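**Q** Residue numbers (our numbering), protein chains in the order written: chain R, 30 to 503; chain A, 22 to 164; chain W, 2 to 406.
To be clear, the hints were calculated from the coordinates, so they are not data collected in a lab.
Given the structure is predicted, the values throughout are model-derived calculations rather than measurements.
Errors might be hidden in some of the hints.
Not everything, but these chain W residues come out facing chain A in the computed CB check (under 8 Å) [said to hold, decoys possible]:
1. 16
2. 48
3. 66
4. 180
5. 183
6. 286
7. 291
8. 321
9. 324
10. 328
Pairwise CB distance ranges (calculated) [as the list claims (entries may be wrong)]:
11. W:247 / R:219: 36 to 44 Å
12. A:40 / R:42: 21 to 29 Å
13. W:242 / R:42: 24 to 32 Å
Lysine to any residue pairs mimicking SDA-like chemistry, simulated, CA-CA at most 25 Å apart [to be verified]:
14. W:123 / A:88
15. W:123 / A:127
16. W:119 / A:85
17. W:227 / R:53
Ideal Cβ placement from N, Cα and C applies to all residues, glycine included.
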Amino acid sequence: MDDITKNIKRVLIVFLICFVGLVSYITYFEMVVGPKIVNNAANKRVWVKRNEVLRGTIYDRNMQALTKSSKIDSTTQKREYTAGAMFAHVLGYVDIKYGLTGLEKKYDEQLIYSSVQDTVMSYIKSGGKTQAKLGNNLKTTLDYNVQKKAYDLLGDNKGAVVVLNPKTGEILAIVSKPSFDPNNLEANWASINSNKNMPLINRATAGLYPPGSTFKTITAISAIENVSGIMDRTFNDTGKLVFNSKESLSNFNGEVLGNITFKQAYVHSSNFAFGTLGLDLGNSKLKETAEKFFFNSDTPADGITIENSKFPTLKSYEKGNIAQSAIGQSSVLASPMEMALISATIANDGVMMKPYLVSEVMKNSGEKVKTIEPQSIKQVISANTSKIMKDFMRTVVAEGTGTNAALSDINVCGKTGTADHSYDGSNTPHSWFIGFAPYDNPQVAIAVIVEDGGQGGIAAAKIAAGVIQTALNK
Amino acid sequence: MDFSKLSLIFKVVIIAIIYIIIFTALKIMYKDIKGGSKGRKESIRSFGLEIIEPGNNQSLRKGGVIPIKDVITIGRKSDNVVVLNDPYASSYHAKVYIKNGECVLEDLESTNGTILNGERLLGKEYLTSGDEIAIGSVSFKFI
Amino acid sequence: MVVNVLRADRDERKLLRYTYLLCIVCFVNLAVLKQPFDKGALVMSVVTCLLIGYSYFVIRRFFSDGDKYIFIFSSILSVIGIVMIYRLDMAVSIKQVIWFAVSVTGFILTVVIVPDLKRFSKYKYIFLIFTIIFMGMCMVIGTEVYGAKNWVIIGKFSFQPSEFGKLFFIAYLASSLKDYKDFKSLIEPAVVVMICLGFMVLQKDLGSALIFFGISVTMLYICTSKLKYVMACIGMFAVGAAISYQIFDHVRLRFLIWRNPWSDVNDKGHQIVQSMFSLASGGLTGTGLGLGHPEYVPVNTSDFIFAALCEELGILIGFAIIILYFLLFYRCMRAAFYGEDKFSRLLAVGFSTMIACQVLVIIGGVTNMIPLTGITMPLVSYGGSSMLITFLALGIIQKISEEGR
Chain R
30 MDDITKNIKR VLIVFLICFV GLVSYITYFE MVVGPKIVNN AANKRVWVKR NEVLRGTIYD
90 RNMQALTKSS KIDSTTQKRE YTAGAMFAHV LGYVDIKYGL TGLEKKYDEQ LIYSSVQDTV
150 MSYIKSGGKT QAKLGNNLKT TLDYNVQKKA YDLLGDNKGA VVVLNPKTGE ILAIVSKPSF
210 DPNNLEANWA SINSNKNMPL INRATAGLYP PGSTFKTITA ISAIENVSGI MDRTFNDTGK
270 LVFNSKESLS NFNGEVLGNI TFKQAYVHSS NFAFGTLGLD LGNSKLKETA EKFFFNSDTP
330 ADGITIENSK FPTLKSYEKG NIAQSAIGQS SVLASPMEMA LISATIANDG VMMKPYLVSE
390 VMKNSGEKVK TIEPQSIKQV ISANTSKIMK DFMRTVVAEG TGTNAALSDI NVCGKTGTAD
450 HSYDGSNTPH SWFIGFAPYD NPQVAIAVIV EDGGQGGIAA AKIAAGVIQT ALNK
Chain A
22 MDFSKLSLIF KVVIIAIIYI IIFTALKIMY KDIKGGSKGR KESIRSFGLE IIEPGNNQSL
82 RKGGVIPIKD VITIGRKSDN VVVLNDPYAS SYHAKVYIKN GECVLEDLES TNGTILNGER
142 LLGKEYLTSG DEIAIGSVSF KFI
Chain W
2 MVVNVLRADR DERKLLRYTY LLCIVCFVNL AVLKQPFDKG ALVMSVVTCL LIGYSYFVIR
62 RFFSDGDKYI FIFSSILSVI GIVMIYRLDM AVSIKQVIWF AVSVTGFILT VVIVPDLKRF
122 SKYKYIFLIF TIIFMGMCMV IGTEVYGAKN WVIIGKFSFQ PSEFGKLFFI AYLASSLKDY
182 KDFKSLIEPA VVVMICLGFM VLQKDLGSAL IFFGISVTML YICTSKLKYV MACIGMFAVG
242 AAISYQIFDH VRLRFLIWRN PWSDVNDKGH QIVQSMFSLA SGGLTGTGLG LGHPEYVPVN
302 TSDFIFAALC EELGILIGFA IIILYFLLFY RCMRAAFYGE DKFSRLLAVG FSTMIACQVL
362 VIIGGVTNMI PLTGITMPLV SYGGSSMLIT FLALGIIQKI SEEGR
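Only chain R is shown next, with the shape it has when bound in the complex (with noise of 0.2 Å):
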């Protein structure tokens, strides 16, 4: 009998320890694994919070309201997107299925915040009132006329456009089409998805081309800072840069310029100049140039993220590549932000600023919580270097490849781009055109491409004037 007694006791002491083990692993649970399970996509319960606070408006820089949110019951909300297509990539979406994209994204903390709190102390000082949550609403830099501009001017065409402030780095406008219908993601995700176009990729930051002739601005400015003697410098061109029995460059066309200046050069567009130069300069001085200006590397900004540029390492002697790669072609890709933040730094004296894509939060009220201020990421090139590349550029649009960017009453700057991407089983170049206006007191910089629109003097150029034009007309 005694020996049941104290296995009893035994036991209990055993089944103690297991109901302890058992407190002590919820303990563990609450504190470490809970935390970081919470928040995860399948707890609806994230979603019904989030819910509870009426999501906040997105303006544009006029206070036009580009988002609208209505509660449809105590669970789900219905965001509008006033514009529908027209900002589908720049703002994003925010579905629950489908998650968050773009902007709705990136400042989707403050689009839900609400200083109004589920606690005792709350519901005591309001007087058991329920409160009505609302998020702060953001105040962007975009201008939705340049946006409807050159979504408009942009047609049918694949491609992307993006407008900078480049005294700001205040985004104006980012569009990439083709685009989608935020407003009915449920109904049309399986036809946007099998899309073989990929609507849902925002060109404008994601897209990475190769730049082409555009990219000669890196290559110009390159050889003001590392050759001697380059304003000086001229070329016999021949048409034709040969390598070896194999290889070689050509113009376009075949075009030859015969003896053409370091200026003539750039505003003319010789492939053979521009390769001569890239072989001068050798793939690590070009390439030091480039990742000045973030390729190969993040880019500072705000309210986007900015796809990495990239620039090859070439080895000595594949001549072939570092000529192709003075031209922007090669293994050469940059994304259409890149470019513009390129033409903006040169229209900003060497300054490169940062991009940013929203210039205030406020509440519901109108009171402004927090103002975002232009931030500068650093002098890339030195404000003489600027001034030489601004004259060339006012004169590729002047006298050059680019004289359909040219506006009667404004001086348009910029540079020409036919990027050959027969990598991909095409024919037809893309059409770039990257600048900025006015030559004086640069207001506007701006990147345009034009997938397989051919020359890039004639299709990005013509765009690009539309779009300055009404970015200028405010």
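Fit chains A and W to the known structure of chain R by using the hints.
**A** For chains A and W alone, kept in the frame of chain R given last:
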């Protein structure tokens, strides 16, 4: 007024009550453990066996009352409460104990049996006041 | 003497009064949730309090020797269950109260009708037959519900025979082990245990298998005091588990989902993932009744009620429930402590362990400490047969606790 938010206050109250219950229970259990086997409940009524007929036993006197506290064991062996010097009785003949506030007489499978109110007792029976119990030459009355 | 009684009385009454208070406060909370006032909730609280009060009165009046705390702790747990189920689903809650009434009646009847348990120790083979019948019933006429083939559905009425089988199983083990002399006398019960475990695994009722194992090992140790037997059993269990992992898909599945529930969030891992979200959302004191979202947790009125409770009333409630179960377990083991004959003591140990193991397995499963199995929380979860069986077992323990005095 939206009363549902009152749950925020209620939940604390509910948790408090449950923990008060737990602490009260723990206190009681602790007292119980400390009390050990002394923690048995005593019944309000007191019971006894009055000796009617002592028979052959010198140790029993007629009219004496054996109080029933927990258990009264009756038999020939000397470790019984009531020792019967009677060949008729078994070593462990019978047992009287308190259960649920009543007294129970149990026959411990004795050889010659226990007589309750004139009939042989099989197993156990509740005792009511006035019952007569006979074992061998001894008889008791339950009071 | 009189003082002792009164003091014990007073303690019990105090606890009882707190139980009433708990019941009323909880239902008032539930009542305010709806606009303007949910009268049903208040009615429920009154009904429940009356049930508990009346049953306590009956037990005290006629069977004052037994351990009344067993009933009190059980009713506290049942109250918590009824409150939470009411918050989740009113109709189910009414059913639960009815089952509570039925089970408590069963409890009282058990204490009244069942004669001295020592007598039953002789019916070893009858227990054995009933055990095999109930355990094996599902192999023949069982239907699969929620992945476990341990339900029998006759018309509109469904029950789990393994729950009844548990009672007979423990009775058989107790009557068999009380005659323990040496190793040879263990062979027969060992075979029976293994057959029952086999049935459980084949019926995919892994939770019950675990519980059976726990009960068997505990009873074995209690009566033999030989630690090496316990070790041997655990070893065999490990081997058996490893083999069934290889052979049986459903065992492997449970194990894999336990290790990484995130691998299949929407299908196989859905239950445990939602349960974990629910637990994590509660914090220390929970969200408050009616303010959380336990409705996202599947099977929230039975298996996962622990998660729902922790979400709305916090981890503190979880701890409280575990402590209450342990107190109940302690009280039941205490009956074995003071028992007289081996059979009754083993029986008490068996039933107590049954409840304790069930609690460990289900809370462990719901929090993903051990693989999830489909069993209920005794007394708290919604489940007619579960509550009835638990109260029947408690009734027998109560009976045994009387004898000890």
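**Q** Could you work out which of the previously given hints the structure breaks and list their numbers from low to high?
**A** 2, 4, 5, 14, 16, 17
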